[in-house]
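**Q** Based on the hints, put chain B in the right spot on chain W.
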Amino acid sequence: MKYFSFLLVLAIAVTLAVLVSKPLGPVPPLAPLIDPYHGFWQNMFSEDELMEEELSLPGLSSPVKVIYDENLIPHIFASNKKDLYMAQGYVTAKHRLWQMEFQTRAAAGRLSEIVGDIALDLDRMTRRKGLGYGAELGMEFLKKNDPETLEFLTSYAAGVNHYISQLNPGQTPVEYKILNYQPESWTPYKSLLLLKYMSDMLVGDRDLEYTNLRKILGAKMLDKLYPDFPNELDPVIESEKAWEFDPIPISKPDSINYPDETWKVEPLNQPEEGTGSNNWAVSGSKTKSGKPILANDPHLGLNLPSLWYSLQLTTPEYSVKGASLPGALGIISGFNQNIAWGVTNATKDARDWYRITFQNEDRNAYRYGDEWRPTTFRIEEIKIKDQEAFLDTVVYTHYGPVMYDKNFRSERQDVNFALKWTVHMGSNEQKTFLLLNEAKNHQDYNLALDHFTAPAQNFVFASKSGDIAMRIQGKFALKWPEQGKFFMDGSDPRMEWQDYIPNDQNPQTFNPERGFVASANQHPVAATYPYYVFDNSYEHYRNRRINGKLRQMNEITLEDMKALQFDDFYQQAFDVLPTMLTLLGDGFKENEKAQTYLTQLKEWDFYADPNQKAPTLYHLWWNNLYNHIWKKWDEFGVPVVKPNSYQTIQLLKNEPGSEIFDMEETPEIETAKNHVQKSFQSTMEEMEKLLEENGDYAWANYKNTTVQHLVPQFKAFSVYNVYTGGGAGIVNATSGRHGASWRMIVELGDKPQAFGVYPGGQSGNPGSKYYKNFIPVWAEGNYLQFDLREEADSEGVLFQTTLK
Amino acid sequence: MKFIALTILSVMVVVFVNPFSPFWIVMIGIGVISILIGAKGFSSFLAGGLGMGLAWLGQTIWVSFQTGSALPDQMAEIMGLGSGVFLSMITGILGFLLGGFSAYSGSLFRRMFIKRPDNLYRG
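Going down the list, the protein sequences come from chains W and B. If you count the first sequence from 1, position 257 lands on 257 in the working numbering, and the numbers rise without skipping. If you count the second sequence from 1, position 89 lands on 89 in the working numbering, and the numbers rise without skipping.
Looking at chain W on its own, in the form it has when it is part of the complex (with noise of 0.2 Å):
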């Protein structure tokens, strides 16, 4: 009996210990999470309270120096750059450890090794769009042609890896205690895998959309209705801009078959509306103080722990300051003691999708031209939580990989085609960042930028001299007017891309007249630049604004460029309401409701600042008309693009008769007023549910800007209804999901003054209090003070701790 009741209770005893060990189903381990000396409890303390005056780091030639501020930005001071890497490294690991490992992981395709097989379509199209194979070409290049940016890479790794290494389980992210899985560690190939995940997001074609369109509404309506060039033109370099280069010759080959028929299968994700960005600078002669100012904000993803880190990385020859992408080395967005940079995206249909022949089924070779090319297979091993391995096939042809195939959504019309992309070429995008993160002059700025080659970029320059200058720099093809912008056959020698613009011939202006530069994800030249220019996505709003603020300031301070950052003009609106206004007419004067909304709307002022009603009355009615007007794209049966709300614009002021207006399957004709009239009566209709529902329709409340943890499901890590305004089209580009990512100004000058923010905050624990407490900050359109940091200043310091 003794023997029996203690083998009993022992049993019991160990059962429930191994049962709150093991995960049961997606729920984790329980003993783990909630063991208080181990589990998420103890990521409540924040970094100050776990403050180490020294921590190790195996390797370093000499101790390195961290001073964080009160807002836990890190000021790195090392004796060499290897030495500053690997602290970098080390520093960002230690706050954005989990952030840099998942992000990777969903770029590699490896999602379904964490959270099992409902990642494992994503994870296919991720390796077969090829971001592996593009960093992969990537390593083959730095080991070819850059030893030194390769061996600072394995530094910054290896300072990863030293955090990583003495983690203790209390400090390990809470994601990884609640997802379940351990980090792995850190390799340069992960860096640049980093930067082609950029080029991911950033990056989108039409090409599906367009070939239907194409074959849908014929040439001539195609152009009418997308027009290469708007009629206010306002592009990233200045119009009169005169272009002194001999163009390599290019002409278009006669009689094209296009691949022509139309596609009933759904286009790639496309990055979503509203990513893109602003950047500027002004000369001297146009500021108060003489000296050049240069802003910058990058709209993307609102995202917990944010995309963006901020840090200062100093040696003995050079101070740099602004924000890094953690995984990746050095500053994206900056500036040092003498030039000060920053980015916009310049997209410019830079994937291209080509036809492959295959000779038979076993699809080792394809047509192309008289001959057969051979095909190579790369194999793709998924491993899936919980179960085996998946592979996957995939074939490459010169072109690039064929993404959709007998294997992968063969019910699509599309397979068979191949992805050309600037991603899959050997590039060294990290160098131009570390060059930049010390260049002293304009002529820096032009070597670092050489060696950038995708995602394409506007990258604005400022300098202590007193230079302003804009390039937009990627790897271009040489593309005749057209090529690219539909399917091609992959088969015709004459489809592929020729050439590529030379570097020095890419669009660029230096100190020109009008005393700025600026871009905002607009076109980027006049069509006097003598090579084709093509995307789906230019600005047609932010831009005009930008630039026409700055044509007319003078005298500029810092502070009238926080508030241009800040701007909440609704450009579109002042473009198109007053058209609407009158297009309605009194159709409405009997009703009462009705009368109190068109009475808001007309004493608007345009601007979407978080308080006003104006702006969501607006931007439900402007919805519904365009809906409206292009409905019948709809009723194609296949994926297009609708003409953009420009163009829309365009049409109703112009050409309110138009036979586009025209609605086929009724008997009447109508005009732009119908649908003006139409889509106001939707709009009452919702917004008697709106009230309904919110009780209030203020801007703010109604456009819900929601910054949320990258797992989306981890609803509490995220913060909902941000109170700002601004939106898509706006200066202020904060909608919903996107916005500025981050803002920052700075004055070059004997010192310079900077001022920075983003919507996060520096630590990437939930359970700190320096994971979200920019928000409030930028809600309001305020900033950090940014100006770089001396060894020895001693005020505003939150702690510092010597590594060694």
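Treat the hints as calculated values from the structure; they're not laboratory data. Among these hints, one or two may not hold up.
[What the hints assert, rightly or not] For lysine-lysine, the following DSBU-like pairs were computed, each having C-alpha atoms within a straight-line distance of at most 35 Å:
#1 W/LYS82 <-> W/LYS464
#2 B/LYS40 <-> W/LYS2
#3 B/LYS2 <-> W/LYS2
#4 W/LYS22 <-> B/LYS40
[Stated by the list, open to error] Computed Cβ-Cβ distance ranges for the label pairs, DEER-style:
#5 B/ILE93 <-> W/ASP634: 55 to 61 Å
#6 B/ILE93 <-> W/MET51: 30 to 36 Å
#7 W/GLU49 <-> B/MET89: 23 to 29 Å
#8 B/GLY68 <-> W/GLU240: 55 to 61 Å
#9 W/MET51 <-> B/VAL15: 21 to 27 Å
#10 W/LYS689 <-> B/ILE61: 44 to 50 Å
Heads up, the beta-carbon is just placed ideally off N, CA and C, and yes, glycines get one too.
**A** Using the frame of chain W, we list chain B on its own:
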């Protein structure tokens, strides 16, 4: 007396061993101490349970008090468990069960080897 001693010693094991070791080492520790102290079955269960349970609960309260972090409430929301206070209680209850059964096992282990007290009078 043994009850109080075992409770206090269990708390000490948690406080001094748990920061460096996973919970199951703590369980073994409490079991061993229970063997040494030799409290009766059910009373050892209560003592070990209270020791580890209170130490865990206390630690959650102490960390919350020290940091003021909202993480427990957020975790409770993600786990679908109401509030952070409730999560503290669950932590305490789990500690109680783990500690209790460890101490109980220890007590019964000791009973297997200890001769009946009437043997003492025989000699």
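**Q** Report the numbers of all earlier hints that the structure fails to satisfy, in ascending order.
**A** Violated hints: none; all satisfied.
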